[in-house]
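Undergrad: Quick note on this note's numbering: the sequence shown kicks off at 101 and runs consecutively.
Quick caveat, the hints were computed from the structure, so don't treat them as lab data. Built from N, CA and C at the ideal position, the CB exists for glycine as well. Check the hints yourself; a few may be wrong.
Claimed, not checked - Just the calculated beta-carbon pair ranges, DEER-fashion: (1) 254 / 176: 26 to 36 angstroms; (2) 148 / 305: 41 to 51 angstroms; (3) 127 / 345: 23 to 33 angstroms; (4) 369 / 116: 24 to 34 angstroms.
Said to hold, decoys possible - Calculated cross-link-like contacts (lysine-lysine; reagent style BS3-like; alpha-carbon spacing at most 25 angstroms): (5) 211 / 196; (6) 123 / 196; (7) 370 / 321; (8) 126 / 211; (9) 211 / 370; (10) 196 / 143; (11) 143 / 123; (12) 211 / 123; (13) 126 / 143; (14) 352 / 321; (15) 370 / 196.
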Amino acid sequence: MRIHLVVNYHRPDALEAAVDAAKWMKDRGVTVAVEPESGRFLKLPIVPSDEVGDGDLVIAFGGDGTLIRAAHLCSETGTPVLGVYYGRFGFVTQCKQGEIGACISAFLDGKSIIESRMMIQGQLVRGGAPVASIHALNEIVLQRAVTARMMTFRVTVDNHLLTSYPADGVMVSTPTGSTAYNLSAGGPILDPNVQALMLTAIAPHTLNSRTLILRPDSEIKLEVLSDGDAVLSADGQTRLHLLSGDEVHVQKSPRVTNLISVEQDDFLIKLGERLLWSQGLIGEPH
101 MRIHLVVNYH
111 RPDALEAAVD
121 AAKWMKDRGV
131 TVAVEPESGR
141 FLKLPIVPSD
151 EVGDGDLVIA
161 FGGDGTLIRA
171 AHLCSETGTP
181 VLGVYYGRFG
191 FVTQCKQGEI
201 GACISAFLDG
211 KSIIESRMMI
221 QGQLVRGGAP
231 VASIHALNEI
241 VLQRAVTARM
251 MTFRVTVDNH
261 LLTSYPADGV
271 MVSTPTGSTA
281 YNLSAGGPIL
291 DPNVQALMLT
301 AIAPHTLNSR
311 TLILRPDSEI
321 KLEVLSDGDA
331 VLSADGQTRL
341 HLLSGDEVHV
351 QKSPRVTNLI
361 SVEQDDFLIK
371 LGERLLWSQG
381 LIGEPH
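With the sequences and hints as input, model every part of the structure.
TA: Laid out in structure tokens, this is it:
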């Protein structure tokens, strides 16, 4: 059994937990290694970034950002990811600090429940030919560069011209990503097990912009109509600069992110905890 670690090295508590977990696993005959960025802060064997997904399990110690980084490192292989919560928000991480041993034991005993989350794929098309492909668990975003003014983005869905947004950008999100950038941009929250794509304009200069929820097999084409520098990104992990005439094609990815599920109603519980919905409900005694 080989388990690889990805750690938020900015958090001493996450680093300490990773060290303790690694010792616990090695005492049980598990081979443990850590990806290079985290490895600078841990006295553990290092596994190259492109081999992180070759393990039987990847454990991410941190918040959602750390788990997203782990998902990108192993999405091609579909290696299960266990997210241990050492962060601020934590909608995707599922294992609490006191549950690490029990969660790892369940996986070693073959009793873990694995939840497959859909991902999306974006193709950068230049001169009619794809020149780059990116995959995302949360969202793919086409937006103006920092120094550019507001731009106009044309959106086509399944070969039907939908609209043109004067905005800072436009994003396509997964249900998992509905509680990430999409939520900040005013989009809806979807149960992560729903199969759908969400199209949301970022800071649109119009009063009739609404998030559109589309079938998971929809094909979305994004184009920049105005002059200026634009950037394509996937989960904030990958960034590509566009040239004039480029197109971005977004659709459901053949890849999935497999997450170790710890609690059956985890998503609903987190809505109450993270968004404070369960506090001070109207009509309930304090």
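Undergrad: Which of the numbered hints above does this structure break?
TA: 3, 7
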